[in-house]
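Protein chains: 2
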Amino acid sequence: MESLAEIQEFFDKGYVHYRPNLTVDCAIFGYHEGELKLLLVKNKMITKWCLPGGFVQKVESLDEAAARITLWRTGIGNLFLKQFKTFGNPGRNNPRDAFDEERFYQLTGIELKKDTWLTGERVSVGFYAITDIVTAQPTADFVSSECAWFSIDDLPELGFDHSEMVRDALFAMRIDLYHFPIGKNLLQPKFTLKEVKLLYEVLSGKKLNPTNFPNKLISLGIISRLDEKRNIGAHRSPTYYQFNDEVYEKALIEGLVLV
Amino acid sequence: MESLAEIQEFFDKGYVHYRPNLTVDCAIFGYHEGELKLLLVKNKMITKWCLPGGFVQKVESLDEAAARITLWRTGIGNLFLKQFKTFGNPGRNNPRDAFDEERFYQLTGIELKKDTWLTGERVSVGFYAITDIVTAQPTADFVSSECAWFSIDDLPELGFDHSEMVRDALFAMRIDLYHFPIGKNLLQPKFTLKEVKLLYEVLSGKKLNPTNFPNKLISLGIISRLDEKRNIGAHRSPTYYQFNDEVYEKALIEGLVLV
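Taken in sequence, the protein lines are chains A and B. So the first sequence is numbered by my numbering: it starts at 1 and just counts up by one. So the second sequence is numbered by my numbering: it starts at 1 and just counts up by one.
It is worth saying that the hints were derived from the structure and are not from the lab. Treat the hints with care, since some could be wrong.
Note: identical chains are not told apart, hence a pair may lie in one copy or across any two.
[As the list claims (entries may be wrong)] Once the Cα atoms are required to be at most 20 angstroms apart in a straight line, the calculated SDA-like pairs of lysine to any residue come out as: (1) K207 x G255; (2) K206 x A251; (3) K207 x E254; (4) K197 x A140; (5) K206 x R167; (6) K48 x T116; (7) K13 x E121.
The structure displayed is predicted, hence computed values, not measured ones.
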């Protein structure tokens, strides 16, 4: 939605194109050199920060909806979005919790009807992705005033049940670390084992046995050693590694057991 | 639903109590002494076998819906049902695929309207559980002709997208084996390490390193050794083990890393 006319159309006749009562919300984690952040959007009409989300269209799959909505709300595309949980507690989506009707009217001149296709319980399918903070530059969409990275340890209060979503997305992501390869879009094409270890430590949120993850990645053929070292000082020249695309892609689909 | 009147009411006015376009489907796996099965129901009005499922009521959470629907459709209660994935591809739930309208009319005398609250795309939230085949006696509900266990290696053709659901439920369950304790309702109160190993082998569908799972369960305090042995022959008297309830329950919520 990129104009007031489109917003009016959405409220009046959105049910033609969108599935009633079905949304997706996406927890986009950002990593860069030892930092883990979360991408949040500030909708002009909602009083609290939220995960980027939106309604699912009738013609698209849930995966397609998650990709389209993340691109629309944040400007970030090409994410590997993974469904982790669906949220459907009665009362979870009451717009009175976080939707600022007065501000909405001031901004749009649109008076909301009391009983529209948007009324009623909504379920939201949660997705998460991990991207590189530096390459992924967030851009706020027309309905948002801001779109920004927040440190995972210092999040603002979130609207609706989005705090629960973030907690569950982190929990799911941390289990997935053991079963799917990660890092291709988070590390440089050539990287050291120390960088792999740091990535796993930061994503898992705990100090890890220093060699388990890297060793297992090597033994499974996900990463392999190059005949090249980084020159960072007289007695310190760690060896470079790289991802093996074929093994990596296969494991993304079939899963594996790390550690 | 336990009468024709209730079925008629459901088709005419179900939207009063049920959420439109939202169902749950449950993959109930059954284990007993080395066998893995799946519970399927044969709805009188649907031509193919299906996972037990149904519509979510407006007043209940998704977890509550899964428990209520499983009990109603199969007679089995007290399951630890775990959400694993939501299915929402456009076209997935076209009733023409598997719903036998003629048979429905013969059985019920109810003529279906073309455009009801049941028309349109439906998403289904998938849950799975694992129970003991012997203690869980399935009973078909009023709308089903049969409710029966099938060997996981020899399933009939399933309706809608339920084959995909079963595949994804198995995949999720096999990842969860590494992160949540299992077995309390599947093994006897006192069991041998060989029985634990067999359980993990059958659920995971592969030959496992013979001691990894049992050893890790012991080191995490999930199971502990008893001062008692099973007497099965002159030179064979394996030691009994039992679950530690407190550690087990905590790990069910917090998760863990096995192997």
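Enumerated hints in conflict with the structure, sorted upward: 4 and 6
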